[in-house]
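Could you put together the complete structure from these sequences and hints?
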Amino acid sequence: MSDHREPEDFLPGKEPDLGMEVEEFELALEKQRVHGRTALWADVWYRLRHNKMAMVGMVIIILLVLVAIFAPLLAPQDPLYSPLYDQNATPQEKAESVKQPPSWKHWLGTDDLGRDILSRLIYGSRVSVEVGIVAVLISLVIGLFFGALAGYFGGWGDSVIMRSADIFFAFPTVLGAIAIMTVLGPGLINVFIAIGVLGWATIARIFRSSILSVKENEYVEAARAMGASNTRIIWKHIMPNAIQPIIVYATMGVGGAILAEAWLAFLGLGQQLPTPSWGNMLTQYLPFYTTDPWMMFIPGVAIVVSVLAFILLGDGLRDALDPRLKGSV
Amino acid sequence: MANKGETLLEVKGLKTYFHTQEGVVKAVDGVSFSIARGEALAVVGESGCGKTVTALSVMNLIPDPPGRIEEGEIIFEGRNLLEMNDREIRQVRGNHIGMIFQDPMTSLNPVFTIGSQISEAVRVHLGLSRGDARQRAIELLRMVEIPQAERRYKMYPHEFSGGMRQRAMIAMALSCEPKLLIADEPSTALDVTIQAQIMELIGRLREEIGLAVMLITHDLGVVAGVAETVLVMYAGKVVEYADIDRVYYNSRHPYAWSLMRSVPRLDEKKDRLLTIGGSPPSLINLPPGCSFSPRCPFAEEVCRREEPPLREAEPGHLSACHFAADFEQHGQGVKA
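Line by line, the protein sequences are chains A and B. In this text, residue positions in the first sequence follow numbering that gives the first Met the number 0: the first is 0, and each later residue adds one. In this text, residue positions in the second sequence follow numbering that gives the first Met the number 0: the first is 0, and each later residue adds one.
No lab work stands behind these hints: they were computed from the structure. Among the hints, erroneous ones may be present.
For lysine-lysine, the following DSS-like pairs were computed, each having C-alpha atoms within a straight-line distance of at most 30 Å [what the hints assert, rightly or not]: (1) A/Lys235 - B/Lys25; (2) B/Lys25 - A/Lys214; (3) B/Lys14 - B/Lys178; (4) B/Lys153 - A/Lys214; (5) B/Lys153 - B/Lys11; (6) B/Lys14 - A/Lys214; (7) B/Lys25 - B/Lys11; (8) A/Lys235 - B/Lys11; (9) A/Lys214 - B/Lys268; (10) B/Lys25 - B/Lys14; (11) A/Lys235 - A/Lys214; (12) B/Lys178 - B/Lys153.
Structure, rendered in structure tokens:
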């Protein structure tokens, strides 16, 4: 019998198979290695897989990303096509095309210009996914760089970086984003920048504190004693051990960025019409809330569901990455 | 002192201070010693007497701030390590001087396999290809007597026992064939049988690859089997420095003498172990005169007034005690 067991064998719900023969166990181990799952991530994936809410979130996110990528194939109609501006459309067709409730022809109905809402929603997901990913990447690049600098080297650089982060914290995000957008002007690229730049402070702060605890580990000292350079120590020895809270925060941050894009667009600062985004659809449909409230609900629900999905996944990741937090090892 | 071979490492008047808010901590205050090629030097003393700081100073790994090497020279193969720039010192670390740490449980990075950590070291320093580095790492694991080296190569630190991790650390420290191995309490965190195995391994490697060892420990039993020379430290200073036999059987310093007598022995029946009363002094606020005088059973008035210099009590036997020369006679009355 082998005295060596994988952590998975001790997880609740899995009976440790004490009768397992050595060869059998080796084989299982080998299988695991062949599939390229390293022990740590296999463990995380195992816990994540058994978290129903997180998996719901993950499925929604995967669908969202697929919809965004394959929007041209999925959309039943050109999102910009309006019968009102179609010279071939008869006056009667034009009159009947606007603000149609959901039907077989238009699953989610048509808007005030007779455009297909489902198509607009599908194309709008592209903006949300792009903003989510790009803005968070910008925050990550800036935040991780300065967080690492502050946490690893300390000293006056640390003070300068963290005080600058405090300044960013002092701004309400909405106000900060509006200010930046006012300077840069409206448009999608500027939304990336505004949301991305505002997000760095939290990431820097989380990463710094994570590094502060990781860098005290003896393996960091050991790496230094082996002659590793600072860059190497940060990248190879500290980063992988300090990145876990960042993974969680960044996942939730994508949801946050989608929401931020929505209200920037709502204020008319985001993606400009006629290109659809969930935020500007909301703005566009707002005036009809008394007569045709369902129009407004469609982009609203899409935003809520996708933000929720990222939060659920982030929450699940947090539990999966650090099972001790739940107190249920 | 053993001057068998050519000098490999020479430390002269090393002073490492830590500048804290409470004051200046003189962690290492004027320490000098040398290690010849292939020699094993043991640095012993209580916790907080500056052993580890001495070792870290040699590696130039003192966290700055708050630490600073104020004075001294650390000459390794004819070059002063303290005058090297960052790039040069990194070449020395790992390549020429290897170091292993007290706690093998935390000295390996948990997210990489044992193999990748060892081969990383080889690749960085020796510039080997991935495949060659792998071969070398497996050889090293075999050398430190880890069974089934190929399989262990792919394992993570959490899959290793404490003794195996320390072996892996030794393999990593030796990966680039350093001439000196600094072992900072390598067996403290291990249980006794594993301790013996690790010390035996270090002893065997010394003979096989002609490694010089600087062994830091507070376990005098560990020292006896491995080292030839002993450096006894107290409150940041060297108090006795001689061949191991002399320190063990003919100690010329009351601190070292008391330490030897506070080790339990199998061949003696004692009801109580001798202990050294009190605790080491605060390094910020050293007592006047000899730092050991408040705890010394033989202390006299001169001890509290004047600090004894480190000088030869007999040829090749340094001691920092006013009564080093006639320590036997002086201690006679008290011992009985």
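Which earlier hints turn out false for this structure, listed by number in ascending order? Per hint list: 1, 5, 8, 9 violated.
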